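**Q** Please arrange chain B on chain A, whose structure you already have, making use of the hints.
Protein chains in written order, with my numbering: chain A, 1 to 723; chain B, 1 to 79.
Computed footprint of chain B on chain A, listed as stretches where at least three residues anywhere in the stretch have a Cβ under 8 Å from a Cβ of chain B: (1) 36-50; (2) 142-152; (3) 335-341.
Just a sample of chain A residues kept apart from chain B, beta carbon distances all over 10 Å, derived: (4) 162; (5) 284; (6) 467.
Calculated from the structure, these hints are not laboratory results.
Note that the coordinates shown come from a computational prediction; the quantities given were computed from them, not determined experimentally.
Beta carbons: idealized from backbone N, C-alpha and C, even for Gly.
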Amino acid sequence: MNAALLQALDDRALAGVIAHLPAAVLDDVLAPVVAQRTSLDLAVVGALLARLPELTKRETWLAANSPWRGSLPGRWLLAQAWSGDRSRWPEALELWAELIEQSGRYAADALYERARVRRETGDLAGSVSDLISCAQRWPDYALLSKTARLLDRLVAKSAAVPGRKVRIGIVSSSTTELMPPLLRLLAARDGLVAEVYAAPFSMYRQELMDPASGLHQFKPDFIVVALHWRDAGLEPLGNAPDAADRVFGELEQLWAAAQRTSPCTILQHAFDFPAHDSAGLLSAREAGGRAQVLAEVNRRLFQARTPGVVIVDCPRLATQAGAEAWSDEALWHVAKQHPAAPSLPLLLDRYVRLIAARVGLAKKVLVLDLDNTLWSGVVGEDGPHGIKVGPPTAIGEAHAALQRYALELKNRGVLLAVCSKNNDADAREPFRSTLGMVLKEDDFALFVANWEEKPANLREIARRLNLGIDSLVFVDDNPLERAKVRRELPEVAVVELPADPAGYIGAIDRGGYFEALALSAEDLARNSAYQANASRDALKAEAGDVQGFLRRLDMRMHHGPFNDAVQDRVVQLLNKTNQFNVTTRRHGAAEVSALRADPAAWTQYFRLVDCFGDNGLIGLLIARPAETADSWEIDTLLMSCRVLGRQAEEFMIATLLAAAQERGIARVRGRYLPTAKNGMVADLFPRLGFVEESRTADGAATFVWDVRARVFPPVAFVRSAGA
Amino acid sequence: MNPAHHFRLQAIFREIFDQPALALTPELSPATLPEWDSVAMVQLVLATEQAFGVRFTMDEVAGLKSAGDFLTLLAAKAP
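So that you can see chain B by itself, here it is in the shape it has in the complex:
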């Protein structure tokens, strides 16, 4: 896991869910975080794309089921 990616993604999650102490683990998912609904999902995708300067394909978005999936995708796409 890229520590810089983890740090920046954690900041995005903290802001969107308004939880300043949220610890981003790869297991974090809509099942463990009740506020993670479909709107939050769109916000997460938009904010991540903007912050990392990447675009996700529809397939990739459909495959995002947990914070770990975000990190895996970023490892493949972001500098």
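With the rest of the complex left out, here is chain A:
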């Protein structure tokens, strides 16, 4: 058995092997591997922990100066081992504090572990605070349920949980036993102290109707009516024409009866759909099909606007959770649990967010970092033209998508604020001059860019907006900044961003921080986006013919000579455009800079904006004198295929010919140099009206436009919008 071999195994394999190693090799082979290991996997730590008693030199490995201190899995192992040894608790607590910062995706596990030690030492408040921090990091069901059980035990030992008291009753046709601890924990995370009553399994009608029921004696502020598709009592096909009336009508009666006895807010599940349906498509297609009736009931639920009734959008949650995680037949048959355990955090989180919105605890401000959050790169170092946002890079698109999401929130009444460590001028520049930005400076209620610590700035933001610090949601890609804010301002909701910007929106959205129960008239008036959406729909409906479609696209072309703002994108386009590219000349950054400095050369970038938004930089033209001083040759003509069929190439050529005429150029020549990929532009020049001059056997051809003799016809649907 050799240590190098073990070290080469991946975590999963190593965890498996550890369980089967002979005890004789543990000290000499396995223990050194742990000291060197760089990756952290809790399955490995768990497997090692199980073998710990068999180590002969246990004292050495578990000593304060253990060789394991040097590696992350080693520190986990020590922390776990020390946590079980009363004399070692102070050291264990110190180590857990380190590990909470160092463990990445296992930070929530480390918080839970420290909460256990703190509880043992009698630090109940510290333990509660760790459990709440753990819940803030979106652990999966397994960890969240452990955390919830521990919180309940602390509360039973009279630990105080800070927050506002709410009484929540749950009635359901499923088992509800797994829900209350999770609900109490998630409520505590959001500043609510929930007392929960779970009605006996499948007694929901009696509990709601009977004024003397346990539910009503509990005096709930909220009642969750947690029903699912089975409760609608529908057949796959052939349900009566009034089936939706019947299901919806019964719910209305239940609400009315419940609210007569307990004046409270009801959280009513919209119906999810069965994961398996013998009728298949017919269930949705046929009148009287189950899926169609359920959809109709849901439509009525959402439209009902019954005072004091809030709908929980279960179909959407089921989609978010995934069919596997939502419906587990075995768990239903064995324990009458639905939805399945892995989906409970998502579902209960939605209850908590809706309840928080109801009692006025919804968040109000989205505070955004700038560098590597709203764009990729560091504006202070890379400059406003070196950062990536919007097309053409995928990462730029992801950051632009986040900006769009923030803008949509702003349009429905959420306030936006910037909190960035930057010089103020540097921070503002991209909003003024970087292509691809969606947000503008005036979208922000406050713009704070300085070198102060972020917790101080967040306090200042709350003060200036005259809002509580607990109404802020903080979004920052930097884990250290997040940790600082969590430590100093536990009231602020800190979004745990993933490493990949593609997941930023998901992380914010999942939190449901800005859940609103209704859209106020004030929100609506503020919201000009509604108008834009309405006209976009109208456009799609009208756009029957191509000409009409192009006209209504309202295309505006921004264009001008290559400059700093577009330099990087120009080089990128030159080097990656293969299809709509007549010469495929790959110029590098130095050549582009030389072209810009050359007074005889003419360069132009083209950026197309239409009624749907900014398409980004879509085309480039480079022309320079060739043969005679009054002749230009088109060195490069390329365009993004995204805007094919929009007359963009006509606009580009018209711009080129107009510039040639202005400069007294007599002839413009264009070349087509065939490659394996640019066949689509073989006849571009003749199509635009150029005359063929010569052609070689390999298909390369030269075309000419006589500038003095002919004028390019006006381009009907694209107008110039300046630089």
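**A** Only chain B this time, still in chain A's reference frame:
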């Protein structure tokens, strides 16, 4: 009995029943541990499935009458 399985299962039992010193013996059962009710049973099954990366069939769940049954099942299903 696989000692690693025993160790990890014992940790699960200790957490769910909140008994840090609980010694997991194969004879441990709802008859000897009063807190082992139907809810605890569901929690035990869910936690064990997750920790060991296995799924139990309904038959297997129905056959779980003691800690020893858990260990036997894990010996057959878990790595």
